[in-house]
Amino acid sequence: MPEATVIKIKEGESDASQARWWHRWFRTPQELRELGVVGINMRNARYLLPNNPRRLYELVDNKLRTKALAEERGMTVAETYGVVLTPHDANRIEKILAGKDAFVIKPTRGSGGKGIMVIDKKSGKNYIKPSGAEVTPGDLKNHVSNILAGLFSLGGKRDYALIEYRVQPAKLLTDMSFQGAPDIRVVMLHGYPVMAMLRASTKQSDGRSNLHQGAIGIGIDIATGMSVHAIHHGKPVTHHPDLGIGLIGVQIPQWDTILKMAVTCQEMTGLGYLGVDIMIDETLGPLMIEVNARPGLAIQMANGIGLLKRLEPIVEQHRCKPEADLTAKIAFSKKFFRAKLPKPRD
Amino acid sequence: MSAQVKLLTAVILLCVIGGGLASYKSQKLGVPFWQDKRVDEWLVEAKLSFLATGNDVEARLALPAKAIDEKSGQESGSLGYHYHVEPSGGEYTALWSAKNRENAQALYYRVRFKAGSGGGGGPIAAIGVPQASEVPKLPGSLGAAAEGLASYAKSVTSNPDALFVRFFERINDPESSQEYALVRRYYEKDYFISPDIAMGIDLLGMAGVPARIAYGVKLNEDTGAQEPLPLLEYFDGYAWKVRNPAEPTKVINGNEVFVWQRGGGSLFEVTGGENSNLSFTVVRDRIPLASLTDLQDSPVLIATILALPVSERSVFRYIVLIPLGAFVVVLMRNIIGVPTLGTFMPVLLALALLEIAPVKGILMFSVLVGAGLWFRFLLSRMNLLVVPRVAACVVIVTLLMMLMSVVSYQLGFSVGVKITLFPMIIIAWTLERMSLIWEEEGKRSAIIQVGGSLVVAVFAYYFMKISQIQYWAFYFPEMLLILLAGILLIGRFTGYRLSELIRFKTFSNA
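Those protein sequences? They're chains A and B, same order as listed.
Following the numbering used here, the numbering of the first sequence begins with -4 at its first residue and continues without gaps.
Following the numbering used here, the numbering of the second sequence begins with 6 at its first residue and continues without gaps.
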């Protein structure tokens, strides 16, 4: 009875939202539980460990395999220009890059955005990063060698460098971000979309989209794809601190495609609990960037809703209807996780 | 069986086995469970090792007379040797003999005595009145110089004690007088081992005070195997007294030095063997001898590390503490939520702190990491590849440590010198990890993580330092199973971490 569970949880939230003197310093465990906040220990013990078998991690930790799987399913991904496998290839990097002026170099096993180098254009012999910094071909070769040596990979294992299409994010999204390309994170449990957020960088986060480094987390309504809530350093905001543009009430384009993409990612990897990162290209539309087997908890802050309030009904629904298909799952999430919509921005 | 049931079964099983063994030990074998009920005893083990040449072997080892007179616990260990103790003139000698021995041999003799029961250096009455032995003539002008020193010293001092003090104060400080330095140089050339004592014995002899060499053991667990400590025994007109020539003004402190042999005979002798060597190992034992003997005769499961020889046992003093450190890390990370650099780096750091002192250790660590980090950034400007960069880091840390040791030694701290291989590796590794995080996630997370590691290391250090905890870990290692059960339980803890109560303080409902 998923409906009943949802209602029961909603009843209990009455006094947790009341202001108390100690909220300046901390919240009590009981308050957090009433808000439905999920902590790291709970995420690991209840959702990660039982649902994500170790052997499946390889599928998502290696971006080459994730991309191959996604292409099999007919998903749009960033075009691969080349893969550097050996130090010998690293010396010929310019040959691989011939004719490409904009591209991204990333380690195939990187995590948390480590080791990603974005090149926007070429100027003479040198390459230009989005920040305007110049990169010489020698720097580029060095970066690739560091990737191969495993500087950025999990556990320092030897790695490969992946060179791919530089996404040109939709203007609607770049307008909301100080440099950097905003991406959309959808968290899934058993194939049901749980929560979504848009991550936009600020001057402080220096083009990165990690919330603890000062990026903005913008919660997105699962049902409609409209932004409903935003936080910067854990506190609610309505406008971008550097750009002044409104962040609430923005409709994300092609929302249904994004949801389908996210559910397909769950089906192809078999992971029970995961986060899917998607970017929207101006011309190509939504592109699947990567799948994360250990999605963080900041998404509940960005949405202003405890994850538990959505995870528990999904666990119940999954128990009742283990055979539900993609459309049924999306329909369930859209029906029960509808947020109160704000006034559209323009 | 669900995961929950499996976990509970394991936890209960571990607690029952651990608790059962511990209570068997304390109830049946009488090993005190609380450390204030313990006895404080020193266990000194002499190990006589040599290479047998294939003939009959006879080995003699002088024994501490005091221990035998007071009937302290003692035992000897030696497979296949005939063993007996030979008393002679108030002194005792252990005698081992065997036929046709070959290869490396080791003979053990252990003695236990209560801490603070005196070091055996007190006066003993002489048999008859000993005469100062004939002093060998020193060549030429040296002989005259030495005689002069002795007769002058005799004229300005009133008794043998004062004479002893006067001689050794000057011998220990060669710059005090040219004559002493001159004579001392002669002894340094002729006597390879303890020239000071040889010179002191001769000078005392010239001044008419009978003196002879004695040997002791430093009561210090940290030195591991130690050489015999040469001491000096002299006759003050009524009785023989032992003093440490390095500290001439002090009477021997029974808590610091145990006098093993006196009487002037040889400390050990081996016939039928070569390369003979005598070393001592000292441990502080905290359970009564009777229980210890019972324990050592028990099955391995119960005896555990106490079944090992003393020299091997002392290694475990630190090893048994590692699980305790790991437990603190689990607690701090999963319950409190302190961010650390790597999972078990704080345990290693805490072990390093046990070797150095905590305040000095942390100071040293911070200085080294700070300086190393600065060099590391200089290196990163050169765009070096990863492996050479880490190697360069290790070289720099080594050089910094050398520099720091020299500087701290010059300034009069001795800590710097004690830094060993182990803390060095930790620091080099910390540097590499920290600089990577610094570049990737910014200086804030780098400093937070290193700071967190330090905090956890300090907590782990103080936890490991609690003497009751150390006592349990060493004498009741099966209690570590209960600790393991605790760790397993925390492994299924799904509540909020303390840090999350703060992290989510601004949580606002949409």
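Heads up, a few of these hints could be off.
Simulated coverage check for chain A against chain B, where a stretch passes if three residues somewhere in it have a Cβ under 8 angstroms from a Cβ of chain B [said to hold, decoys possible]:
no. : segment
1   : 90 to 98
2   : 228 to 242
In silico contact screen, one side only, chain A against chain B (beta carbon under 10 angstroms); selected entries [claimed, not checked]:
no. : residue
3   : 17
4   : 21
5   : 24
6   : 26
7   : 70
8   : 71
9   : 221
10  : 224
11  : 292
SDA-like, lysine to any residue: derived pairs with alpha carbons at most 25 angstroms apart [stated by the list, open to error]:
no. : chain 1 : residue 1 : chain 2 : residue 2
12  : A       : 152       : B       : 141
13  : B       : 448       : A       : 129
14  : A       : 109       : B       : 441
15  : A       : 109       : B       : 514
16  : A       : 109       : B       : 447
17  : B       : 510       : A       : 17
18  : B       : 448       : A       : 144
19  : B       : 510       : A       : 59
20  : B       : 11        : A       : 40
21  : A       : 124       : B       : 447
22  : A       : 329       : A       : 221
23  : A       : 335       : B       : 514
24  : B       : 510       : A       : 326
25  : A       : 330       : B       : 514
26  : A       : 120       : B       : 386
27  : A       : 109       : B       : 503
28  : B       : 11        : A       : 129
29  : A       : 109       : B       : 438
30  : A       : 230       : B       : 503
31  : A       : 124       : B       : 386
32  : A       : 109       : B       : 397
33  : B       : 11        : A       : 43
34  : A       : 152       : B       : 52
None of these hints come from the bench; they were simulated from the model.
As the structure is a computational prediction, the values presented were derived from the model and not from experiment.
We put the beta carbon where it would ideally sit given N, CA and C, even for glycine.
Now for the hints, and whether the structure bears them out:
Requiring three or more residues with a Cβ within less than 8 angstroms of a Cβ of chain B, the coverage given for the segment 90 to 98 of chain A is violated, as only 0 such residues are present. Coverage of the segment 228 to 242 of chain A by chain B holds. Counting CB-CB distances below 8 angstroms, 3 residues qualify, and the rule asks for three or more. The interface hint given for residue 17 (chain A) holds, since its Cβ lies 8 angstroms from the closest Cβ of chain B, which is under the 10 angstroms cut-off. For residue 21 (chain A), the interface hint holds, the least distance from its beta-carbon to any beta-carbon of chain B being 4 angstroms, beneath 10 angstroms.
Contact between residue 24 (chain A) and chain B, as hinted, is supported at the beta carbon level, the nearest pair being about 5 angstroms apart and thus within 10 angstroms. Because the beta carbon of residue 26 (chain A) sits about 9 angstroms from the nearest beta carbon in chain B, less than 10 angstroms, this interface hint is met. The interface hint given for residue 70 (chain A) is violated, since its Cβ lies 29 angstroms from the closest Cβ of chain B, which is over the 10 angstroms cut-off. Because the beta carbon of residue 71 (chain A) sits about 29 angstroms from the nearest beta carbon in chain B, more than 10 angstroms, this interface hint is broken.
Interface hint at residue 221 (chain A): violated, since its Cβ lies 12 angstroms from the closest Cβ of chain B, which is beyond the 10 angstroms cut-off. A hinted interface residue such as residue 224 (chain A) counts as satisfied when its beta carbon comes closer than 10 angstroms to some beta carbon of chain B; here the least separation is about 4 angstroms, so the hint holds. Residue-level restraint check for residue 292 (chain A) holds (minimum Cβ-Cβ distance to chain B is 8 angstroms; threshold 10 angstroms). The hinted pair formed by residue 152 (chain A) and residue 141 (chain B) fails the criterion: a straight-line CA distance of about 73 angstroms is larger than 25 angstroms.
Of the supplied pair hints, the one linking residue 448 (chain B) and residue 129 (chain A) holds, its CA atoms being roughly 23 angstroms apart against a limit of 25 angstroms. With a C-alpha separation of about 10 angstroms, the suggested pair residue 109 (chain A) and residue 441 (chain B) falls inside the 25 angstroms cut-off, and the hint holds. In summary, the hint linking residue 109 (chain A) to residue 514 (chain B) is not supported, as the alpha carbons are separated by about 32 angstroms, beyond the 25 angstroms threshold. Using a Cα cut-off of 25 angstroms, the hinted pair residue 109 (chain A) and residue 447 (chain B) holds, with the two alpha carbons roughly 12 angstroms apart.
The hinted pair formed by residue 510 (chain B) and residue 17 (chain A) meets the criterion: a straight-line CA distance of about 9 angstroms does not exceed 25 angstroms. In summary, the hint linking residue 448 (chain B) to residue 144 (chain A) is supported, as the alpha carbons are separated by about 24 angstroms, within the 25 angstroms threshold. Taken as a hint, the residue 510 (chain B) and residue 59 (chain A) pair is broken in the structure, with Cα atoms around 39 angstroms apart against an allowance of 25 angstroms. Distance check on the hinted pair: residue 11 (chain B) and residue 40 (chain A) sit about 15 angstroms apart at the alpha-carbon level, within 25 angstroms; holds.
Restraint check: the Cα-Cα separation between residue 124 (chain A) and residue 447 (chain B) comes to about 19 angstroms, which is no more than 25 angstroms; the hinted pair holds. Among the hinted pairs, residue 329 (chain A) with residue 221 (chain A) is consistent with the structure: their alpha-carbon atoms are about 12 angstroms apart, no more than 25 angstroms. For the hint pairing residue 335 (chain A) with residue 514 (chain B), the CA-to-CA distance comes to about 11 angstroms; that is within 25 angstroms, so the pair holds. Using a Cα cut-off of 25 angstroms, the hinted pair residue 510 (chain B) and residue 326 (chain A) is violated, with the two alpha carbons roughly 33 angstroms apart.
Among the hinted pairs, residue 330 (chain A) with residue 514 (chain B) is consistent with the structure: their alpha-carbon atoms are about 20 angstroms apart, no more than 25 angstroms. Pair hint residue 120 (chain A) plus residue 386 (chain B) holds up; C-alpha atoms about 21 angstroms apart against a cutoff of 25 angstroms. Between residue 109 (chain A) and residue 503 (chain B), the direct Cα distance comes to roughly 28 angstroms. Violation of the 25 angstroms bound is thereby established for this hinted pair. Only pairs whose Cα atoms come within 25 angstroms are accepted, and residue 11 (chain B) paired with residue 129 (chain A) is rejected, the gap being roughly 58 angstroms.
For the given pair, residue 109 (chain A) sits about 14 angstroms from residue 438 (chain B) by alpha-carbon distance, which is consistent with the 25 angstroms threshold. A threshold of 25 angstroms between alpha carbons decides the hint, and for residue 230 (chain A) with residue 503 (chain B) the separation of about 20 angstroms falls inside it, so the pair holds. Among the hinted pairs, residue 124 (chain A) with residue 386 (chain B) is consistent with the structure: their alpha-carbon atoms are about 18 angstroms apart, no more than 25 angstroms. Taking the CA atoms of residue 109 (chain A) and residue 397 (chain B), the gap is near 23 angstroms; set against the 25 angstroms cutoff, the hint holds.
Note on residue 11 (chain B) and residue 43 (chain A): the hinted pairing holds, with a Cα-Cα distance of about 19 angstroms set against a maximum of 25 angstroms. Distance check on the hinted pair: residue 152 (chain A) and residue 52 (chain B) sit about 48 angstroms apart at the alpha-carbon level, beyond 25 angstroms; violated.
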